[in-house]
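Protein chains in written order, with my numbering: chain A, 5 to 214; chain B, 5 to 214; chain C, 5 to 214; chain D, 5 to 214.
There's no promise every hint is true.
Given that identical chains are not distinguished, each listed pair holds provided it fits within a single copy or across any two copies.
Claimed, not checked - Subject to a maximum C-alpha distance of 20 Å in a straight line, what follows is the list of computed EDC-like cross-link-like pairs (lysine to aspartate or glutamate):
1) Lys7 <-> Glu49
2) Lys7 <-> Glu184
3) Lys95 <-> Asp79
4) Lys7 <-> Glu181
5) Lys7 <-> Asp201
Hint data in this document are derived by calculation from the structure and do not stem from the laboratory.
Listed here are the chains, written in short residue letters.
There are 4 protein chains.
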Amino acid sequence: MDKHAIYSHQGLGGTSGIGHRCALILVDFVNGFVDFNQLGGPHIEAAADHTVELLAHFRAQRLPVVHTRVVFEEDGANHNIFALRVPALQKLTEHAPGSQIVPQLSPASGEWVIRKQSASAFFETGLAGWLLQRGVDTAVITGCTTSGCVRASVVDALQHNLRTIVISDCVGDRALEPHEANLFDMQQKYADVMRRDEFITQHQRLMARN
Amino acid sequence: MDKHAIYSHQGLGGTSGIGHRCALILVDFVNGFVDFNQLGGPHIEAAADHTVELLAHFRAQRLPVVHTRVVFEEDGANHNIFALRVPALQKLTEHAPGSQIVPQLSPASGEWVIRKQSASAFFETGLAGWLLQRGVDTAVITGCTTSGCVRASVVDALQHNLRTIVISDCVGDRALEPHEANLFDMQQKYADVMRRDEFITQHQRLMARN
Amino acid sequence: MDKHAIYSHQGLGGTSGIGHRCALILVDFVNGFVDFNQLGGPHIEAAADHTVELLAHFRAQRLPVVHTRVVFEEDGANHNIFALRVPALQKLTEHAPGSQIVPQLSPASGEWVIRKQSASAFFETGLAGWLLQRGVDTAVITGCTTSGCVRASVVDALQHNLRTIVISDCVGDRALEPHEANLFDMQQKYADVMRRDEFITQHQRLMARN
Amino acid sequence: MDKHAIYSHQGLGGTSGIGHRCALILVDFVNGFVDFNQLGGPHIEAAADHTVELLAHFRAQRLPVVHTRVVFEEDGANHNIFALRVPALQKLTEHAPGSQIVPQLSPASGEWVIRKQSASAFFETGLAGWLLQRGVDTAVITGCTTSGCVRASVVDALQHNLRTIVISDCVGDRALEPHEANLFDMQQKYADVMRRDEFITQHQRLMARN
Numbered sequence: 005m006d007k008h009a010i011y012s013h014q015g016l017g018g019t020s021g022i023g024h025r026c027a028l029i030l031v032d033f034v035n036g037f038v039d040f041n042q043l044g045g046p047h048i049e050a051a052a053d054h055t056v057e058l059l060a061h062f063r064a065q066r067l068p069v070v071h072t073r074v075v076f077e078e079d080g081a082n083h084n085i086f087a088l089r090v091p092a093l094q095k096l097t098e099h100a101p102g103s104q105i106v107p108q109l110s111p112a113s114g115e116w117v118i119r120k121q122s123a124s125a126f127f128e129t130g131l132a133g134w135l136l137q138r139g140v141d142t143a144v145i146t147g148c149t150t151s152g153c154v155r156a157s158v159v160d161a162l163q164h165n166l167r168t169i170v171i172s173d174c175v176g177d178r179a180l181e182p183h184e185a186n187l188f189d190m191q192q193k194y195a196d197v198m199r200r201d202e203f204i205t206q207h208q209r210l211m212a213r214n
Numbered sequence: 005m006d007k008h009a010i011y012s013h014q015g016l017g018g019t020s021g022i023g024h025r026c027a028l029i030l031v032d033f034v035n036g037f038v039d040f041n042q043l044g045g046p047h048i049e050a051a052a053d054h055t056v057e058l059l060a061h062f063r064a065q066r067l068p069v070v071h072t073r074v075v076f077e078e079d080g081a082n083h084n085i086f087a088l089r090v091p092a093l094q095k096l097t098e099h100a101p102g103s104q105i106v107p108q109l110s111p112a113s114g115e116w117v118i119r120k121q122s123a124s125a126f127f128e129t130g131l132a133g134w135l136l137q138r139g140v141d142t143a144v145i146t147g148c149t150t151s152g153c154v155r156a157s158v159v160d161a162l163q164h165n166l167r168t169i170v171i172s173d174c175v176g177d178r179a180l181e182p183h184e185a186n187l188f189d190m191q192q193k194y195a196d197v198m199r200r201d202e203f204i205t206q207h208q209r210l211m212a213r214n
Numbered sequence: 005m006d007k008h009a010i011y012s013h014q015g016l017g018g019t020s021g022i023g024h025r026c027a028l029i030l031v032d033f034v035n036g037f038v039d040f041n042q043l044g045g046p047h048i049e050a051a052a053d054h055t056v057e058l059l060a061h062f063r064a065q066r067l068p069v070v071h072t073r074v075v076f077e078e079d080g081a082n083h084n085i086f087a088l089r090v091p092a093l094q095k096l097t098e099h100a101p102g103s104q105i106v107p108q109l110s111p112a113s114g115e116w117v118i119r120k121q122s123a124s125a126f127f128e129t130g131l132a133g134w135l136l137q138r139g140v141d142t143a144v145i146t147g148c149t150t151s152g153c154v155r156a157s158v159v160d161a162l163q164h165n166l167r168t169i170v171i172s173d174c175v176g177d178r179a180l181e182p183h184e185a186n187l188f189d190m191q192q193k194y195a196d197v198m199r200r201d202e203f204i205t206q207h208q209r210l211m212a213r214n
Numbered sequence: 005m006d007k008h009a010i011y012s013h014q015g016l017g018g019t020s021g022i023g024h025r026c027a028l029i030l031v032d033f034v035n036g037f038v039d040f041n042q043l044g045g046p047h048i049e050a051a052a053d054h055t056v057e058l059l060a061h062f063r064a065q066r067l068p069v070v071h072t073r074v075v076f077e078e079d080g081a082n083h084n085i086f087a088l089r090v091p092a093l094q095k096l097t098e099h100a101p102g103s104q105i106v107p108q109l110s111p112a113s114g115e116w117v118i119r120k121q122s123a124s125a126f127f128e129t130g131l132a133g134w135l136l137q138r139g140v141d142t143a144v145i146t147g148c149t150t151s152g153c154v155r156a157s158v159v160d161a162l163q164h165n166l167r168t169i170v171i172s173d174c175v176g177d178r179a180l181e182p183h184e185a186n187l188f189d190m191q192q193k194y195a196d197v198m199r200r201d202e203f204i205t206q207h208q209r210l211m212a213r214n
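Only chain A is shown next, with the shape it has when bound in the complex (with noise of 0.2 Å):
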């Protein structure tokens, strides 16, 4: 019996849908994840070139939108285990190049750019209460890596009580077969899942409705 098969007969793969207000969250967009010699691929340049579009789309709404950096301290005051067991991580300091959020989403001012040391972007970091304040019930999650940090902060968003929706074309890996692999499980468990026109599409009829 196949996976789809299985999970159909168990009733996964539901869907939360669009509630009544959506932030965007930009899950590590910076300079070290696009770059094969640090942590990143081709297919992260490419997530994050879709991405464009649809952060023009949020900042056109006017609705909250947040990047994260990983950032650790130069002296190794919070190396933690994860950047023990990843030590390409702990080359991205807070002026390193690695760790700048890349060019084409360059935050504007009133955009929240957290720093964080963990996988997911709501751990320790205060997001969810940054988004509570802002009247979000949705979050709109692209960056990378699928099989690493988005999959951590989707799984978070949804603990955090938010519908959760990953753009697929906006979040990329530095392998293929994680990455369909991870879209599989996120889809089926914590998330909806669509292209970056089809939510812009979708949301822009809600929009219309209200």
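Dock chains B, C and D against chain A, hints included.
Just chains B, C and D now, kept in the frame of chain A:
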């Protein structure tokens, strides 16, 4: 270029090792997750059977043991977005047969049985503080499903700065493909993955040395 | 220079006001906290009696209501440092009379009853996400004790970015001096403090306007 | 009946003692909190001066030391309800003189300096996991203000299951009455309260024994 070559080039796939004091975490080994007509499958029952020996090892060493169950209120007062997306979860109430720990892993007195409503055993459960109080630095994770609550718990164990071990023959899933894909992700990024016999042998060697 | 002059000079003592959607939080209104021989006193029983009218107001408006109880495991599996410091807490187990909600505030179906082991109603309970799911931006806090679990819950409500209201005649303490001192601290830093009649009047006026 | 008699009758006022490994937490010892025209007062400067000796003790023992600063974004991107209620907080930005650690307690390399936006040093900062990684079971808390960020940090330290010590002559406040009232609350419920000389003597005795 295949995924193994890319990950190796970028320095993933490290190890964090076994620390000074381990705790065993049994994630959602409840009847509803070994029953194909609820949320489980035969692969999970095999994982539960393999865990009997590991649990005996932890009990013999008097090391902390914690079990989790998914438990929602009968009147729906705490149905979250997760329970709305996956309606089968709503049937896991305090006295439902599906939410009882499987008999072969029945909790002993003093082992904490956590009621949870989210994927991760750590999310809003107090587990991190319970482990801190007991001087634990290493989380040994078993249970189900590999691609769901186990993966979410493993990511959170690392995020809470625990060394994290996944016991590959003591975690199970409703389909094999996501099981394998998630073991790969966890090994590369978050946790050491080993069989129960490997863990017990290494752990006994380490304890004999101290 | 007295404390009022200093606080005023430095710009404390502001107000955050009532937002768009309120939830009522009843902190630890259980038998053990109205019983002087357990952890309570007569001032707390008066606060519980005053809360009956406020609870009726929230139920009439169909706004979210949440109760908390302190509940520890009978076998001590989750005794934390708090329970070791304050041994009377250990007696508050699932079926102990002392840990049941006082009869005049008995929970209705659909009102969530949180079991907690720490001071704050928010600490590792999932309350913040429950409020986010319900679109709540304002926490209205009652219960006991003012200088203990109420204060801790108020600080956390603000930290989670909720507008926070303390109802001064619906919170009680085992001694009056800490009650007064903590109302002062909360008003100056974290919450608006008002009597139940003031709150109900203001709230009705706001709702009529919308 | 006075408060001491009631608390004693109900078994409050216990002690949790000094554990195996202490960390020193310096809460918000920044220029803005020693300046009466920002958020401070002379009592806080005295507390900072007293902390110099305690910090030297921790450094000599090579025990973990962590500092906190309140830091908000200049463009207001992360202004929360706390910053809206207490506008003086908004001036504490990355490079503002008011948000720099006071010179007598200047952080050494490897001491972690946490940027925070809430009252508690633990709230969404990752501090609990940082302490867990370092095997800490006891939080020794100093800083300011006693009735504000110190109190909030002490409650959270206990909630995270740390033994918690407040050093009474190394915490300060903008007015003496809340300082005293909060030391009473903390001693009764959450923490051991002692002077720096008492702590150093007891700690040296314990370390000599191990």
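For each hint, the structure was consulted:
Taking CA atoms no more than 20 Å apart as the test, Lys7 paired with Glu49 passes between copies only; the shortest distance there is 17 Å, against 31 Å inside one copy. In the homo-oligomer, the alpha carbons of Lys7 and Glu184 lie at most 20 Å apart both inside one protomer (14 Å) and across protomers (13 Å), since each shortest distance falls under that limit. Proximity of Lys95 and Asp79 under a CA criterion of 20 Å is satisfied intra-copy only: 11 Å inside one chain copy versus 27 Å between copies. In the homo-oligomer, the alpha carbons of Lys7 and Glu181 lie at most 20 Å apart both inside one protomer (16 Å) and across protomers (8 Å), since each shortest distance falls under that limit.
Proximity of Lys7 to Asp201 under the C-alpha cut-off of 20 Å is found in neither arrangement, the shortest distances being 28 Å within a copy and 29 Å between copies.
Hint 5 from the list above is the single one not met by this structure.
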